[in-house]
Amino acid sequence: MKNRDTISKTKFMEELRRYEKGSVTRRHFLGVTGLGAATAVMGAAMPGLRAGPAFAQDIGDRVVLATWPNYHDTANFDAFTDATGAFVQVNVFGSNEEMLAKLQAGGSGWDVFVPTNYTITTYVSEDLIEPLDVSKLPNYDPSAFDPRFSDAGTVDGTLYAVPKNWGTTGFAVNTAHDGGNALTTWKDFFDRTKDDYSGRTMVHDYQLTTIGNALKYFGYSFNSVDENELADAEKLLIEVKPHLFAISSDYQPAMRSGDAWLTMCWTGDGKQMNSDMPEISYVLGAEGGEIWSDYYAIPKGAPHSDAAYALINHMLDPQVNAREVLAHGYPVADANTNALLPDEIKNDPILYPAQELLDALEFGAAATLTDPNRAELLARFKSA
Amino acid sequence: MTQRERNWLLVAPAGAWFLVMLVLPLSVVFIFSFGERGAAGGYVPAFTFEQYANLPARLTAFKNTMILAPLGTLAAMLIAYPLAYQLAVRTDPKWKNILLVLVIVPFWTSILIRSYAWIFLLGGRGIPALLGTFGIEGVRLIYTPFAVLIGIVYGYLPLMVFPIYVALDRLDNRLLEASSDLGARPLATFFKVTLPLSIPGVATGCMLVFILLMGEFLIPALLGGGKVFFVGNALVDLFLQSRNWAFGSAVAFTLIVIMLVTVTIYMRLIARLQTGRDDVSVM
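Top line first, the protein sequences correspond to chains P and Z.
Using my numbering, you'd call the opening residue of the first sequence number 1 and step up by one each time.
Using my numbering, you'd call the opening residue of the second sequence number 1001 and step up by one each time.
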């Protein structure tokens, strides 16, 4: 494997990864453009980049992964390419709806994708997801996983998906502007937006979380599809809209520049911002909110099925998985991986919140994803 | 082969392209617009006018588009005209090509990257911070309709400059001399001769920019912060988020109809303007 041009290949790979990181990390940026495939083109344009295979079996020259922004340690992909000869082509997405839309339209060309817990039953009923053959995933140790974060992968006794990471949806707040009066609830989030955080707040461009958290303001379920409850949430959102800085899931740049002071936020983004700017803290609304779990799965008709299994198996290796956590700041439910993580990560209140805060959280529901009324509500809110 | 057959052969590639890439997809959109949304999204065949009846739900998107697209076109035109005039009439011919290339250079970078860059220019640490050093505090630019307008003018300016440039470049200098000889001041010459003769270029530029702006979604999404909602944004959400293909098709078809009507009226007006100005033409 150590041939003469190994170094230049590696260097070239690093450059490519840097390109990926620099241009394709923004959830919203990609959400609105659908151009996550830009990196895929980069990858496809360079068949000569493959390292020599040292893998027992030839799995082909590439594997296509559809995933979320800021969600991998690219060194792990390079190690996979070195070991198997298959290049990992990464497509980044903005929402589960968008992933579902691409798979429904057909011809996605993906080998592996990363659905969130509440979407899996829909993929099964729409016949878009392949049942997993556990014998091809020797690194998958079901007993090591906390079942709360792994059971959505099994539908009617069939395993369709194995857990990647879990996390929460809370809010990030720049505490330099709170006047010593900390925000702790979703009620604070919306009330303070109308008050001292006016013009500085961002909400996700995503129906599940934006509507869900507005529902929590009233103490309703995050997943409610009840007409009256949704009407209350809509009233609140439209009332708050003039005070919003933006409706966007690309909140890191504005929070970091100081333009925005308060935003709905996912665990890893909260961790990444808090590490660089300690005045930005990550808060779980006391009323509750969302807890979620992402999975690795294989879509029906994946063009490189062997490579798909090889990649998932590689990512489930606890050593590899631990490096992932250190890179992106999202917790895992795998005890074998957690055993390898340093204590400061395991005791980090952003990654592993206190139990009473977790208890109040709800997993998103399948009905929430497909409910047409919630989608229409968000459209009305955005165009109001 | 007869002349007639040769003619058919010559238009065949364009005709096939037109059929496969335009007529067929538009027919699909038209048919889908009478369908229904599937339970998990997508399209279920049906024959209902429900989607069209639901159009008022996107009224604001249509309103925003119908206001900002013409406004953006007008702003681009007002900025492009003096630039094109300078390039075509006032610039030394040896600099012309270099300056023209400079107008095109931005096109070498994706509109996506260029629009994204404006987020940082208009953000709190960009232009507002600069204004702050001059004592103008508290200016908010990013995520406002004004930011969208800036993005539109920036993105579409070259499309406006070129047709106007071409029209002005072909301007016959003898006409200007004649005007001057007959006692017209430079300003009168501009309004009576130069401007009317460049109207075809202005009309082409406006139409190019206007049509593209009607379908715009990227600039409002990036620079409007999700608060400036165009029909294009409504369509992206309908197809990628709520996956309501039927309603999305109805919105898309309505947009096409509005565009066709607007452009037809516009062309009629321009044609009338042209014939009314026959008196200044010597050709």
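Hints are not guaranteed to be accurate.
A partial selection of chain Z residues facing chain P, derived with a Cβ cut-off under 7 Å [stated by the list, open to error]:
| no. | residue |
| --- | --- |
| 1 | Pro1013 |
| 2 | Gly1015 |
| 3 | Ala1016 |
| 4 | Thr1048 |
| 5 | Glu1050 |
| 6 | Thr1133 |
| 7 | Leu1195 |
| 8 | Gly1226 |
| 9 | Gln1241 |
Hint data in this document are derived by calculation from the structure and do not stem from the laboratory.
Note that beta-carbon positions come from the ideal geometry of N, C-alpha and C, so glycine has one too.
Unsatisfied constraints (hint numbers, rising): Hints 1, 2, 3, 4, 5, 6 and 7 are the ones this structure does not satisfy, whereas the remaining hints hold.
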